[in-house]
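Protein chains: 2
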Amino acid sequence: MPIKIAVDAMGGDYAPLEIVKGAVEAAKEYNISIQLIGNEVQIKEELAKYDTKGIDIGITHTDEVIEMGESPAKALRAKKRASIVLTVESVAKGESQGLVAAGSTGAAMAASLFGLGRLPGIKRPVICCTMPTTKKPVAMLDGGANSDCEPEMLYEFAIMGRIFAQLILGYNNPKVGLMNIGEEEGKGNELAKSTFNLLNSKKEFLNFIGNIEGRDVFTGDCQVIVCDGFVGNVILKTAEGALTMVSKMLKQEYKSSLYNKIIGLLSKKIFSGFKKRIDYEKIGGALLLGVKGVSVITHGSSKAYAIKNAIRVAKEAVEKEVNDKIVEMYEKSMKTVD
Amino acid sequence: MPIKIAVDAMGGDYAPLEIVKGAVEAAKEYNISIQLIGNEVQIKEELAKYDTKGIDIGITHTDEVIEMGESPAKALRAKKRASIVLTVESVAKGESQGLVAAGSTGAAMAASLFGLGRLPGIKRPVICCTMPTTKKPVAMLDGGANSDCEPEMLYEFAIMGRIFAQLILGYNNPKVGLMNIGEEEGKGNELAKSTFNLLNSKKEFLNFIGNIEGRDVFTGDCQVIVCDGFVGNVILKTAEGALTMVSKMLKQEYKSSLYNKIIGLLSKKIFSGFKKRIDYEKIGGALLLGVKGVSVITHGSSKAYAIKNAIRVAKEAVEKEVNDKIVEMYEKSMKTVD
Numbered sequence: 000m001p002i003k004i005a006v007d008a009m010g011g012d013y014a015p016l017e018i019v020k021g022a023v024e025a026a027k028e029y030n031i032s033i034q035l036i037g038n039e040v041q042i043k044e045e046l047a048k049y050d051t052k053g054i055d056i057g058i059t060h061t062d063e064v065i066e067m068g069e070s071p072a073k074a075l076r077a078k079k080r081a082s083i084v085l086t087v088e089s090v091a092k093g094e095s096q097g098l099v100a101a102g103s104t105g106a107a108m109a110a111s112l113f114g115l116g117r118l119p120g121i122k123r124p125v126i127c128c129t130m131p132t133t134k135k136p137v138a139m140l141d142g143g144a145n146s147d148c149e150p151e152m153l154y155e156f157a158i159m160g161r162i163f164a165q166l167i168l169g170y171n172n173p174k175v176g177l178m179n180i181g182e183e184e185g186k187g188n189e190l191a192k193s194t195f196n197l198l199n200s201k202k203e204f205l206n207f208i209g210n211i212e213g214r215d216v217f218t219g220d221c222q223v224i225v226c227d228g229f230v231g232n233v234i235l236k237t238a239e240g241a242l243t244m245v246s247k248m249l250k251q252e253y254k255s256s257l258y259n260k261i262i263g264l265l266s267k268k269i270f271s272g273f274k275k276r277i278d279y280e281k282i283g284g285a286l287l288l289g290v291k292g293v294s295v296i297t298h299g300s301s302k303a304y305a306i307k308n309a310i311r312v313a314k315e316a317v318e319k320e321v322n323d324k325i326v327e328m329y330e331k332s333m334k335t336v337d
Numbered sequence: 000m001p002i003k004i005a006v007d008a009m010g011g012d013y014a015p016l017e018i019v020k021g022a023v024e025a026a027k028e029y030n031i032s033i034q035l036i037g038n039e040v041q042i043k044e045e046l047a048k049y050d051t052k053g054i055d056i057g058i059t060h061t062d063e064v065i066e067m068g069e070s071p072a073k074a075l076r077a078k079k080r081a082s083i084v085l086t087v088e089s090v091a092k093g094e095s096q097g098l099v100a101a102g103s104t105g106a107a108m109a110a111s112l113f114g115l116g117r118l119p120g121i122k123r124p125v126i127c128c129t130m131p132t133t134k135k136p137v138a139m140l141d142g143g144a145n146s147d148c149e150p151e152m153l154y155e156f157a158i159m160g161r162i163f164a165q166l167i168l169g170y171n172n173p174k175v176g177l178m179n180i181g182e183e184e185g186k187g188n189e190l191a192k193s194t195f196n197l198l199n200s201k202k203e204f205l206n207f208i209g210n211i212e213g214r215d216v217f218t219g220d221c222q223v224i225v226c227d228g229f230v231g232n233v234i235l236k237t238a239e240g241a242l243t244m245v246s247k248m249l250k251q252e253y254k255s256s257l258y259n260k261i262i263g264l265l266s267k268k269i270f271s272g273f274k275k276r277i278d279y280e281k282i283g284g285a286l287l288l289g290v291k292g293v294s295v296i297t298h299g300s301s302k303a304y305a306i307k308n309a310i311r312v313a314k315e316a317v318e319k320e321v322n323d324k325i326v327e328m329y330e331k332s333m334k335t336v337d
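From first to last, the protein sequence lines are chains A and B. Under numbering that gives the first Met the number 0, the first residue of the first sequence is numbered 0, with each subsequent residue one higher. Under numbering that gives the first Met the number 0, the first residue of the second sequence is numbered 0, with each subsequent residue one higher.
Honestly, the hints are just simulated from the structure, not real lab data. Among the clues, some could well be false.
Said to hold, decoys possible - Each pair of labels, with its calculated beta carbon distance range:
| hint | chain 1 | residue 1 | chain 2 | residue 2 | range |
| --- | --- | --- | --- | --- | --- |
| 1 | A | LEU265 | B | ASP278 | 25 to 31 Å |
| 2 | A | GLY120 | B | LYS135 | 49 to 55 Å |
| 3 | B | SER246 | A | LYS27 | 37 to 43 Å |
Stated by the list, open to error - 30 Å max Cα-Cα, derived DSBU-like pairs, lysine-lysine:
| hint | chain 1 | residue 1 | chain 2 | residue 2 |
| --- | --- | --- | --- | --- |
| 4 | A | LYS122 | A | LYS201 |
| 5 | A | LYS268 | B | LYS267 |
| 6 | B | LYS267 | A | LYS250 |
| 7 | B | LYS250 | A | LYS254 |
| 8 | B | LYS134 | A | LYS186 |
| 9 | B | LYS135 | A | LYS267 |
| 10 | A | LYS27 | A | LYS291 |
| 11 | A | LYS250 | B | LYS247 |
| 12 | A | LYS267 | B | LYS254 |
| 13 | A | LYS267 | B | LYS3 |
| 14 | A | LYS260 | B | LYS260 |
| 15 | B | LYS260 | A | LYS268 |
| 16 | A | LYS260 | B | LYS268 |
| 17 | B | LYS268 | A | LYS275 |
| 18 | A | LYS186 | B | LYS73 |
| 19 | B | LYS201 | B | LYS122 |
| 20 | B | LYS247 | A | LYS247 |
| 21 | A | LYS260 | B | LYS135 |
| 22 | A | LYS267 | B | LYS268 |
| 23 | A | LYS186 | B | LYS302 |
| 24 | A | LYS135 | B | LYS267 |
| 25 | B | LYS254 | A | LYS260 |
| 26 | B | LYS122 | B | LYS3 |
| 27 | B | LYS274 | A | LYS254 |
| 28 | B | LYS201 | B | LYS247 |
| 29 | B | LYS291 | B | LYS79 |
| 30 | A | LYS260 | B | LYS134 |
| 31 | A | LYS275 | B | LYS267 |
| 32 | A | LYS275 | B | LYS134 |
| 33 | A | LYS78 | B | LYS192 |
| 34 | B | LYS192 | A | LYS73 |
| 35 | A | LYS247 | A | LYS291 |
| 36 | A | LYS247 | B | LYS302 |
Note that beta-carbon positions come from the ideal geometry of N, C-alpha and C, so glycine has one too.
Sequences and hints are given; from them, build the entire structure.
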């Protein structure tokens, strides 16, 4: 039996059009089954655009959708048959092995947590993000699931991040660093200081290299970056903002004279090469780790290419048994004295 | 009497060479007096390189220097005549009206706080940074003085940031935004939620526009960005890291073929135009606000141009009576009901 991935067909700015397109491409390219959850009429209309012979795409119909602006908690109580709820249910019932959601991050997170439950030992699920660097991509967590954290939570993030960096990003013995505002021991706020001591007490086991700073995110020298969800979310969006600023400023410069305009045209290929390297669409979303099941949450503005890649990440997480490996490592960590 | 600025001649990676050079340039350009604090022999050697006729540069000799790696608290106890201590003393005694320090940020901050004391009403001094945007620069605070904050501290930051944005950055009625991980009310960690309520209770007085996110730092639409010193420092360094990554990746692309190399050469002027717009050296360091005196702390890697601009910022803060205006606004804020 091929792996089956459940996809919320109604989530995100371009649903169902781009979601269905990405799902068809993924089914063809990765030899997997897909279950699309959402409005059957609309989904069928989209599916009719493609040659779907030989691929396995099922549909679970529902009319309910949680919109981006809705409060996740309220919406989940009110809409028992929301597409994201049924998508999670498909994994919870074992009909699918993983899920992909492109709509409201809060709703996808809450639905996954309530529908799948937590992995044994893990207190809080975490959003594990893949960050571009000048070398290979690295993992950063928490990307925004937990605004207020305890040191023990960051310790769990370190374990989950290491497994992710090993199995999905392909590092042999990834280095774990604690996001802080200085490299020396004793730096930072209360959370950072206590977390440093906790991670340092299992230094060898975690391959903990100590404190790192904001500028170290993009060097690729540290492969698992641990922080609370408030700081992680600020990092994600600050990096996005800085890159957008660069792109806007360069566009302004290239428009400022005829000479610059010509150079701009001649540079197009160079910039597209560069853009590919920091392409969030290729990365394929973030894994929600710590829940009993594979849940990939991707940007609300995802188009087909991003959806396809998110499905690939879900498939890899299933194949490589990321969750089993997390539980194994967590249990081992409890017995290990460094 | 012209304004006199005390400059720690021994602080930073290029001291005293670049510090003295920047001081001479500032004295000439801004028509101010400078007091250089540090090793007299070395300073005189540097001064001898320039035509200093008609400008007023004094020297206060000391042999003691606090190095970058030292613990600020310990070093300040041990080295009573450290150059940064005497630089602060010059302002405390009224011999100078403001100071510039390029060495250890921690030592400069601690020396300023202990040597100058706090402004009436202000609980904690704050590092007020100037951030580049696609429009005009904006203020972000705290840049790293206070790792653990209370809502009342962020309220003070908002007041100090508004005065800075008005008097130094030239905004008429700058907008204040709270750094958070979502725009809606009720988002974020405990600190952000409580601070939102506090700032919102003086919404009109502060021109508080609500929550902003990491990506809003660089748009220029919010002119005073308020956050705790941990988050602010992470933002500063993440932005720095993202910009460094872009620059490295583009360099790699431009080297990847002969065609790209030629385009790279033809693009040089375009990039230098762009670089000028995000030039930290031009910004001239960060103001430590909330202390009784003008204290400008600049990057340890500052060269003459950065030092000159830091001296300009100190001069402007003195001329525009930033501290008096902060006290005034703070007192007014206590009486204001929105």
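Outcome of the hint check:
no.: 1; hint: A:LEU265 x B:ASP278: 25 to 31 Å; result: holds, 26 Å
no.: 2; hint: A:GLY120 x B:LYS135: 49 to 55 Å; result: holds, 51 Å
no.: 3; hint: B:SER246 x A:LYS27: 37 to 43 Å; result: holds, 39 Å
no.: 4; hint: A:LYS122 x A:LYS201; result: holds, 19 Å
no.: 5; hint: A:LYS268 x B:LYS267; result: holds, 17 Å
no.: 6; hint: B:LYS267 x A:LYS250; result: holds, 15 Å
no.: 7; hint: B:LYS250 x A:LYS254; result: holds, 21 Å
no.: 8; hint: B:LYS134 x A:LYS186; result: violated, 34 Å
no.: 9; hint: B:LYS135 x A:LYS267; result: holds, 28 Å
no.: 10; hint: A:LYS27 x A:LYS291; result: holds, 27 Å
no.: 11; hint: A:LYS250 x B:LYS247; result: holds, 19 Å
no.: 12; hint: A:LYS267 x B:LYS254; result: holds, 15 Å
no.: 13; hint: A:LYS267 x B:LYS3; result: violated, 51 Å
no.: 14; hint: A:LYS260 x B:LYS260; result: holds, 18 Å
no.: 15; hint: B:LYS260 x A:LYS268; result: holds, 13 Å
no.: 16; hint: A:LYS260 x B:LYS268; result: holds, 13 Å
no.: 17; hint: B:LYS268 x A:LYS275; result: holds, 25 Å
no.: 18; hint: A:LYS186 x B:LYS73; result: holds, 15 Å
no.: 19; hint: B:LYS201 x B:LYS122; result: holds, 19 Å
no.: 20; hint: B:LYS247 x A:LYS247; result: holds, 18 Å
no.: 21; hint: A:LYS260 x B:LYS135; result: holds, 24 Å
no.: 22; hint: A:LYS267 x B:LYS268; result: holds, 17 Å
no.: 23; hint: A:LYS186 x B:LYS302; result: holds, 27 Å
no.: 24; hint: A:LYS135 x B:LYS267; result: holds, 28 Å
no.: 25; hint: B:LYS254 x A:LYS260; result: holds, 21 Å
no.: 26; hint: B:LYS122 x B:LYS3; result: holds, 28 Å
no.: 27; hint: B:LYS274 x A:LYS254; result: holds, 16 Å
no.: 28; hint: B:LYS201 x B:LYS247; result: violated, 44 Å
no.: 29; hint: B:LYS291 x B:LYS79; result: holds, 20 Å
no.: 30; hint: A:LYS260 x B:LYS134; result: holds, 21 Å
no.: 31; hint: A:LYS275 x B:LYS267; result: holds, 22 Å
no.: 32; hint: A:LYS275 x B:LYS134; result: holds, 27 Å
no.: 33; hint: A:LYS78 x B:LYS192; result: holds, 27 Å
no.: 34; hint: B:LYS192 x A:LYS73; result: holds, 19 Å
no.: 35; hint: A:LYS247 x A:LYS291; result: violated, 42 Å
no.: 36; hint: A:LYS247 x B:LYS302; result: holds, 28 Å
Of the hints listed earlier, those the structure fails to meet are numbers 8, 13, 28, 35, in rising order.
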